[in-house]
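> Here is how the chains run, residue by residue.
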Amino acid sequence: MKAQTERVAGDAGAAVEPGAAVTGTVGPGAHHEHEVWRHRHILDVDDFTIDEIELVMATAAEMKEILSRPIKKVPTLRGTSVTIIFWEASTRTRVSFEVAAKNLSADVVNIAAQASSVTKGESLVDTIRTIEALGADMIVMRHGTSGAPYLAAEHFSGHVLNGGDGWHAHPTQALLDLYTMREHLPEGTVAGRKVVILGDVLHSRVARSNIWTLTKSGVDLWLCGPATLLRGFERWAGATIPGSATFTVTSDIERALEGADVVMALRIQKERQESGLLPPLREYTARFALTRERLALASPDALVMHPGPMNEGLEIMPDVATGTQSVITDQVTNGVAVRMALLFLVSGVRDVE
Amino acid sequence: MSSRALAGADLAIGAPVAHLELDGVWAVDPAAGREGPADLVVEEGVLADLEWHKSSGARRGRGRTTSDGQRHGLVVAPGFVDLHAHFREPGFEDAETILTGQAAAAHGGFTTVCLMPNTEPPIDEAPTLRTVLARAAESGIPVRVLAWGAATRRREGKGMAELGDLAEAGAIGYSDDGAPIPVGLLRNVLAYAGMLGRVVADHAEDRELTSGAEANEGLIGTILGLKGWPRSAEESVIARDIAILVDVLGSDSSAARLHLTHVSTAGGIDLVRRAKAAGLPVTCDVTPHHLALTDEWLAGARRWSWQAWQDGPDRDGSGAPTANPWAGDALAGPPYDPALKVNPPLRTPSDAIALLAGLRDGTVDAIATDHAPHTLVDKEVEFGLAANGISGIETALGIVLVAVEAGKVSLLRAVEALTVGPARVLGPAGVPAPALEVGRLADLVLFDPADGWLVSESALSSRGKNSPLLGRSLPGRVLLTVGAGRLAYRDPDLA
Amino acid sequence: MPSPVAEREILSADEIRRALVRIAHEIVEKHGGTDDLALVGVQRRGVPLAYRISASIADHERVTVPVGAIDITFYRDDLSMVAHQPVVKATDLPFDPSGLTIVLVDDVLYTGRTARAAMDALMDFGRPRAIRLAVLVDRGHRELPIRADHVGKNVPTSREEVIKVRLRELDGMDEVVLHRLAEGDRP
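Protein chains in written order, with numbering that gives the first Met the number 0: chain A, 0 to 352; chain B, 0 to 494; chain C, 0 to 186.
If you are wondering where the hints come from, they were derived from the structure by calculation, not from laboratory data. Take these hints with a grain of salt, some might be off.
[As the list claims (entries may be wrong)] Label-pair ranges, simulated between beta-carbon atoms:
1. Val94/A <-> His30/C: 40 to 48 Å
2. Pro69/A <-> Glu60/C: 44 to 52 Å
3. Gly242/A <-> Gly171/C: 29 to 37 Å
4. Asp93/B <-> Gly191/A: 41 to 49 Å
[To be verified] No farther apart than 35 Å at their CA atoms in a straight line, the calculated lysine-lysine pairs in the DSBU-like style are these:
5. Lys215/A <-> Lys226/B
6. Lys269/A <-> Lys163/C
7. Lys88/C <-> Lys215/A
8. Lys29/C <-> Lys101/A
9. Lys215/A <-> Lys29/C
10. Lys269/A <-> Lys464/B
11. Lys63/A <-> Lys163/C
12. Lys88/C <-> Lys72/A
13. Lys71/A <-> Lys101/A
14. Lys88/C <-> Lys101/A
15. Lys88/C <-> Lys269/A
16. Lys88/C <-> Lys63/A
[Claimed, not checked] Stretches of chain C that chain A covers, calculated by requiring three or more beta carbons in the stretch to come under 8 Å of a beta carbon on chain A:
17. 64-74
18. 112-126
For clarity, every value in this text was computed on a predicted model and none was experimentally measured. Just so it is clear, CB atoms sit at the ideal spot from N, CA and C, and this is done for glycine as well.
For reference, chain A alone in the conformation it holds in the complex (with noise of 0.2 Å):
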């Protein structure tokens, strides 16, 4: 979906047509072009078209190709001040994107939002008017209301990138997610392969994001969990979406596990056995955790993935986390690679009002 500031200035109202030329905001001299990517800010991967997942992952691939050389670092975003600021606590992401703006040569400001004395009790409308004040040119924001960058956006000159609001999107997660399974598939494609999103879907911004960027990649994708945590989703998956395929939500994990050639994992919380939503977890590793014998159903050669932080021993056994099925940590080096990707794509997006 697009946030406010990102309409074609004079189509008040009007969405912007999947892959038309956007005039009359350009530099001198560019020729006008079919514009490929329209993308101001990242803010969900809903409205990503095929061709705009497929230039990110192109992107992501000469990303990595910097990250292998003796200098990990490229002049693109030089002078530029990206300000990163979380007001959910995440070690990873946090980090993983201060890493990628680096190497794209911006300066960074990361602010641990929860423990800063600067944003405690200010508005997050406030707090994004300061950080404009302070001269940003780029937000990273994570939050743990859904909408929250959409908030944000309205109020930012510059570009905003979401690191995960709420339950809503995740979709830096999606896109290096898609990422990893490419690199390990044949022939480098997801088409046609069945996915298992395994866990709390509920909760998840990474499932809903990946249910987008799976669905049009042509996947036979899979939702598993306990009934009360997949709540909804039977009636997305029975909604249809152009451009997206349907998906199928069960509760039997065998079923969905079976012959799989991918299983994600998701990461369960103790809350939700506090909010009623489950029995004492014990039951939910008992019935649903990503063991050995589970994972000898799917396909031998089977990726095992999860998008951190990881509950060992709860909703994935310690032998799978790391075992040679696992490609976990390549997670871990290709969200660099996407996060630089996307960053300097929407860095080319001039301010469309």
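Since chain A is already given, all that's left is putting chains B and C on it; use the hints.
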């Protein structure tokens, strides 16, 4: 209507209307059950003459302004009655005061407004009620203000408020709106209120089912990652309230009456329909935003409920139709607009369609705005943290006219739901049935269906700018509102 | 898309071939041989040109001079172009440029910014002993103090004109044409 029709053109707000002549306007009088072209005269604040034109079967033409500046196709109706509004005074004057609320009401064509008691202090005792009514009377804006008394002390649900004293001070009924009346007390409140001849309005919400809820439980809420507000939270309470009413009627007071305010679900409307069919004294109101807006708007859709329905509803897993804004090109605005966060939440198009059907067939007695102004501080925040409520008293007529233009309800029926319907809900403790009655103090609204107005912060008189329709044009510019024979509102461009 | 008024041929296929042969000879002559020499084509059209020059050198020197390719997208100094040309092509340097004489090969030399970016990119891979520049067409209008060591053809142009190089590896034919931009597309 000509420029000389309003004698004393610089009439101040609050001044009696000395002379007003409206020729060839479309008069709508639901109390008389008729509408049609008519001539109307107000003299010294009283409706002195009303002459219906002879032409039978006349159809309301398209409004237009001719080259000599004359407007044609204007509509005159009795001043609207709002059963449910929040004017925030005392306690939350940053969001609205009684004065600014009355100004907003008049701009919206309302000459009577019934205030909910969730102020600070709440209207749970007679002195507070009297203070509120006095403030309204001395404001200088002739919009009649009535008040619901709280049903329980401080609206805390732990004991009955002084219902008798409140009735004597002028309360039209009782409600804890914002909160449901707890099951234990509802029985007793219904009985006691019946004894006092007052209706009880319940905000039907099971708070255990809605804890932390952000948006209607449905496709949109799932995709947007918002905690669901299940229909069962409203439907189960409506069913329970009706069952309790039956017991009250049987054992405590045969005069008990139950009103369900801001019903938002198809199931809720159905329960009311069945209760009425069984002859029970149950009434209900719906808001304009629940008729015309849906949870799709949270994703960025900006089409009316019936448009989402017509554009080919999807069917969900259970076979029930559900709208899917990702399927068309309907995502035209920004998602997660906090102006859309309201209690009860905006529901699906199929709910809205059911509400419209209920309005047409009389299940819905009244359209009430649930005008809920909020400050920017409370609204310009992350969606899940935003205060609930839509500032809607000024946009109600516009939304209703959009529905009329789309053929979803007749103008006569819509005006009935804004005038006679609410009066009927309140009964003798409320107001006399609004009508274009010769000899009565003039209480009317004149509007131009063909002239639109842009909903903007400056165009809204309310302090509450939290309207999801900001930036949109609505039809039905109000030209004149007259309350109890005095001028309540006049369009600035009116000569 | 800019609609060309008329295209004028600057170099025919044969003229391109002769120019490349001459450039190949010049490179070897200037370097005094082929030791520690390498060619790096600038994406996109510099790359097939670099391969052709290497093949030509192999013809007359019986030595294969290594060829690499670099994409300068990440080294551009004008990010506003990203939205229109965001597609990144491969950078592939199968050798360490340190200590070598690198000849950068590109199709058109204009403002000089691409060449500058190419040098920055190259130097992130190592420390060449020397960098030279070979271009098929030099159209003037330098904005930086850059000059080409080897030029196929000098073509004075105005800013309203565009030079289009077509190569059979990418476009199915060999030619260099000149045309004027249509009114609305001019800078």
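> So, against the hints stated earlier in the document, which numbers end up violated here?
2, 4, 6, 8, 9, 10 and 15
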